[in-house]
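Enquirer: Residue strings, one per chain:
Protein chains: 2
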Amino acid sequence: MSERNILLTLAYDGTDFHGWQIQTNQRTVQGELEAALQRLHNRRIVTNAAGRTDSGVHADGQRVNFRSTIDSIPAHKFREAINSALPYDVRVLESRHVPDDFHARYDALARTYRYALLVSPVQIPRFRNYAHRISRTPDVALLNRMAAQLIGEHDFSSFGMATAEGGHCVRRVDAAAFYPQPPFLVFEITANAFLWKMVRSIVGTILTCEPCGIAAFADILRAQDRSRAYVAAPGRGLVLHKVRYHESLGIN
Amino acid sequence: MSERNILLTLAYDGTDFHGWQIQTNQRTVQGELEAALQRLHNRRIVTNAAGRTDSGVHADGQRVNFRSTIDSIPAHKFREAINSALPYDVRVLESRHVPDDFHARYDALARTYRYALLVSPVQIPRFRNYAHRISRTPDVALLNRMAAQLIGEHDFSSFGMATAEGGHCVRRVDAAAFYPQPPFLVFEITANAFLWKMVRSIVGTILTCEPCGIAAFADILRAQDRSRAYVAAPGRGLVLHKVRYHESLGIN
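If you read the sequences in order, they're chains A and B. Heads up, the final residue of the first sequence is numbered 251 in numbering that gives the first Met the number 0, and it's a clean run with no missing numbers. Heads up, the final residue of the second sequence is numbered 251 in numbering that gives the first Met the number 0, and it's a clean run with no missing numbers.
These aren't lab readings, by the way, just hints derived from the structure by calculation. Don't take every hint at face value.
A pair counts as met if it fits within one copy or between any two copies, since identical chains are not told apart.
[Said to hold, decoys possible] Cut-off 25 Å, straight-line C-alpha distance, at most; resulting in silico cross-link-like pairs (SDA-like, lysine to any residue):
{"hint": "1", "residue 1": "K241", "residue 2": "R132"}
{"hint": "2", "residue 1": "K76", "residue 2": "I133"}
{"hint": "3", "residue 1": "K76", "residue 2": "P182"}
{"hint": "4", "residue 1": "K76", "residue 2": "L117"}
{"hint": "5", "residue 1": "K241", "residue 2": "I69"}
{"hint": "6", "residue 1": "K241", "residue 2": "T23"}
{"hint": "7", "residue 1": "K76", "residue 2": "Y178"}
{"hint": "8", "residue 1": "K76", "residue 2": "Q122"}
{"hint": "9", "residue 1": "K76", "residue 2": "V121"}
{"hint": "10", "residue 1": "K241", "residue 2": "C168"}
{"hint": "11", "residue 1": "K76", "residue 2": "I123"}
{"hint": "12", "residue 1": "K241", "residue 2": "P182"}
{"hint": "13", "residue 1": "K76", "residue 2": "V169"}
{"hint": "14", "residue 1": "K241", "residue 2": "F183"}
{"hint": "15", "residue 1": "K196", "residue 2": "R171"}
Here chain A stands alone, though its shape is the one from the complex:
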């Protein structure tokens, strides 16, 4: 039986999930996806995701690959087949055939996350699970000067932990900026990879540092000390927006 390597682009509402990664007795995105794939294949299927999103974190461009022995479904039709077996809060946006050695996580060249801040003195109920509310409009130019400090290759130990045992904390940030999208202020950041909790920790620290200025934020970044960061912004404002691969794969 021949095996095909299938890549999925996934969107999900993270509200009712305990994150991506499969856990016993918790509802997770990987758990629901692998259950749907198991129903389709009548056997256990293992999935690899580009980003292991936390509890409450959303995605509209998560990438996941798995190996299928089903010959009868054209690669682009896995979308429909899997969607018919998934719950309402996860959807496959696209499915395609990728080379045998392709791995959604190891082959990812860059990830883009977006963090939505709702600027409002009172909660707007329909955004309660999709943004972090702040009461006053911050000085966006100042926030952007802080965000600019992140660009380039740095040891981000202050803002997260390596996900692999003994892993280092150097990451390359390609872009990081705040832009208004009323009623939201959105922070968008692209890096080759992220530490665990890195985006939320950066957002929380930038917001807390605003009254102290850029130098205070730069100090925390340079300290390479996890205890120096301020409390991470909540998961609900975060969306895994895009994962980029080598152009030769033609999947961006």
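Given chain A, put chain B in place with the hints provided.
Expert: Same frame as chain A, but now just chain B:
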């Protein structure tokens, strides 16, 4: 005991409500608000809303007035007092004192609604309750030429029903246009008042008429015949965005 007339600006997530208007055995926004006001006042309080939104329809600028006999709360502090008694899916954004004869509905000069269309071949789960999904990007210029037909004073019988028995169907539309706000296409319409289901019926008809062109839409509008309109777009895409009053009141 002196009575004050208090005006509230209200935001709500319409998903779990059977619309604004109070009904026995149904969860409604008016029902929840009047229950909160009753707990605060220890007696039944009647509220008047500018727009009687339907099931699933949201608001971020609904206006509601009621009469209070509580002297101990400054008008602008009703916001906090009421919010502490309301469920998570309704919030008072602002409270203020208005003249005794002010009525949120009868004094409204104009209402603005927004309708969100999600342009995506597959549902994006976190928008499922907040937009109506369409698969392909429509010709926005053509939709806007149809929308332009609505501007001015017309009999809108084709697109709705008068809410009062024997009421006429003439309304004055001040503005109506589609604008892209990726991943959404938003329709925004301002009129002195709206018939029941008018916005959703207009959106549904414009989308269905797109392949037939402007003349087909203009014909339906001119027909003044409810049976000519196409199926109304679902409530979940609609938001009561703003209600305008006479400038002398200083509440816009």
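Enquirer: Next step is simple, just say for each hint if it's right about the structure.
Expert: Going through the hints against the structure:
Proximity of K241 and R132 under a CA criterion of 25 Å is satisfied in both settings, with 24 Å inside one chain copy and 21 Å between copies. With identical chains, the CA atoms of K76 and I133 are at most 25 Å apart between copies only, with a shortest distance of 20 Å across copies and 42 Å within one. In this homomeric assembly, K76 and P182 come within 25 Å of each other (Cα to Cα) only across copies, at 24 Å, whereas the closest approach inside a single copy is 37 Å. Proximity of K76 to L117 under the C-alpha cut-off of 25 Å is restricted to the inter-copy arrangement: shortest distance 22 Å between copies versus 38 Å within a copy.
In this assembly of identical chains, K241 and I69 lie within 25 Å of each other by CA distance neither inside one copy nor across copies; the values are 28 Å within and 53 Å between. Taking identical chains as interchangeable, the C-alpha atoms of K241 and T23 are never at most 25 Å apart, the minima being 28 Å within one chain and 47 Å between chains. When the C-alpha separation of K76 and Y178 is checked against a cutoff of 25 Å, the pair qualifies neither within a copy, at 37 Å, nor between copies, at 32 Å. Only between protomers do K76 and Q122 lie at most 25 Å apart by alpha-carbon distance; the minimum there is 16 Å, versus 41 Å within a single protomer.
Taking identical chains as interchangeable, the C-alpha atoms of K76 and V121 lie at most 25 Å apart only when they sit on different chains, with a minimum of 13 Å there against 44 Å within one chain. When the C-alpha separation of K241 and C168 is checked against a cutoff of 25 Å, the pair qualifies only within one copy, where the shortest distance is 22 Å, while the shortest distance between copies is 48 Å. Taking CA atoms no more than 25 Å apart as the test, K76 paired with I123 passes between copies only; the shortest distance there is 18 Å, against 38 Å inside one copy. With identical chains, the CA atoms of K241 and P182 are at most 25 Å apart both within one copy (23 Å) and between copies (14 Å).
With identical chains, the CA atoms of K76 and V169 are never at most 25 Å apart, being 39 Å at best within one copy and 49 Å at best between copies. In this homomeric assembly, K241 and F183 come within 25 Å of each other (Cα to Cα) both inside a single copy, at 20 Å, and across copies, at 18 Å. In this homomeric assembly, K196 and R171 come within 25 Å of each other (Cα to Cα) only inside a single copy, at 16 Å, whereas the closest approach across copies is 52 Å.
Taken one by one, the earlier hints fail for this structure at numbers 5, 6, 7 and 13, listed in ascending order.
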